[in-house]
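All residue numbers for the sequence shown refer to the working numbering, where the first residue is 3 and numbers rise by one.
Keep in mind that the hints are not guaranteed to be accurate.
In silico DSBU-like cross-links for lysine-lysine, where the CA-CA straight-line distance does not exceed 35 Å [stated by the list, open to error]:
id : residue 1 : residue 2
1  : 165       : 116
2  : 116       : 201
3  : 201       : 165
By construction, these hints were calculated from the structure, which means they are not laboratory data. Fair warning: this is a prediction, and the values are worked out from it, not measured in the lab.
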Amino acid sequence: MLRAAGVGVGDEVVVPAFGNVEVAEAVATAGALPVFADIDPLTYCLEPAAVEAAVTPRTAAVVVVHRFGRPAGVGQLHALGRRHGLLVLEHGESEAPYDEMAQRRQRAAFLDAKLRGVRIPEGGVGHTYQQYVVRVPGNGRPDRDAFARAIRGRGVECRVPVKTPVHRLPEFRRCVSLPETERAADETLALPVDATLTKRDMQRIAGACNALGGLLQPTG
Numbered sequence: 003m004l005r006a007a008g009v010g011v012g013d014e015v016v017v018p019a020f021g022n023v024e025v026a027e028a029v030a031t032a033g034a035l036p037v038f039a040d041i042d043p044l045t046y047c048l049e050p051a052a053v054e055a056a057v058t059p060r061t062a063a064v065v066v067v068h069r070f071g072r073p074a075g076v077g078q079l080h081a082l083g084r085r086h087g088l089l090v091l092e093h094g095e096s097e098a099p100y101d102e103m104a105q106r107r108q109r110a111a112f113l114d115a116k117l118r119g120v121r122i123p124e125g126g127v128g129h130t131y132q133q134y135v136v137r138v139p140g141n142g143r144p145d146r147d148a149f150a151r152a153i154r155g156r157g158v159e160c161r162v163p164v165k166t167p168v169h170r171l172p173e174f175r176r177c178v179s180l181p182e183t184e185r186a187a188d189e190t191l192a193l194p195v196d197a198t199l200t201k202r203d204m205q206r207i208a209g210a211c212n213a214l215g216g217l218l219q220p221t222g
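My request is simple: use the sequences and hints to build the entire structure.
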């Protein structure tokens, strides 16, 4: 899509660093330079003010990534694109079948009501919970990783959704300030909400998290 729009050598494309490397790779493959902007801490998608701050005379496009099943607020970004004459592309995630999405939402609602000591995700209209991502308060990565090990020891599968932001990978390393991206990479943890999970499974997940979450206190 970038190539078809004429984006190439000498152009810059604003992308998120919080997420998969494939978007930055696609920009580089088109011959353009990926420029990283910070995210909104609630949606994990590009923050419009951060995108505007990253725009230069060489900026040709913005790639908005919908993250974890929660749609990005694209209205402001499309308005920004019109003001600056930029192409705004949206990159989505693979959608689960409707009945599976309904079951994921049901399990997410259960966790929303039961979890203590972790920050539950911001729901929002249209959230399909491709991943149910909480934040583990405390001192960043050490607390999050210890929490993950502890609940895995209690039989709960979990995963760190973004281990290393793209701007810290060797091939795309940039000296850029992305505080919300860094904080999200250090604090986020994806808990299971698969449609195959039973009510007993969900109770075990909540119980394992609640037994530990209250021990971790937010800093500051």
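Taking the hints in turn, this is what the structure says about them:
1. 165 - 116: holds (27 Å)
2. 116 - 201: holds (12 Å)
3. 201 - 165: holds (30 Å)
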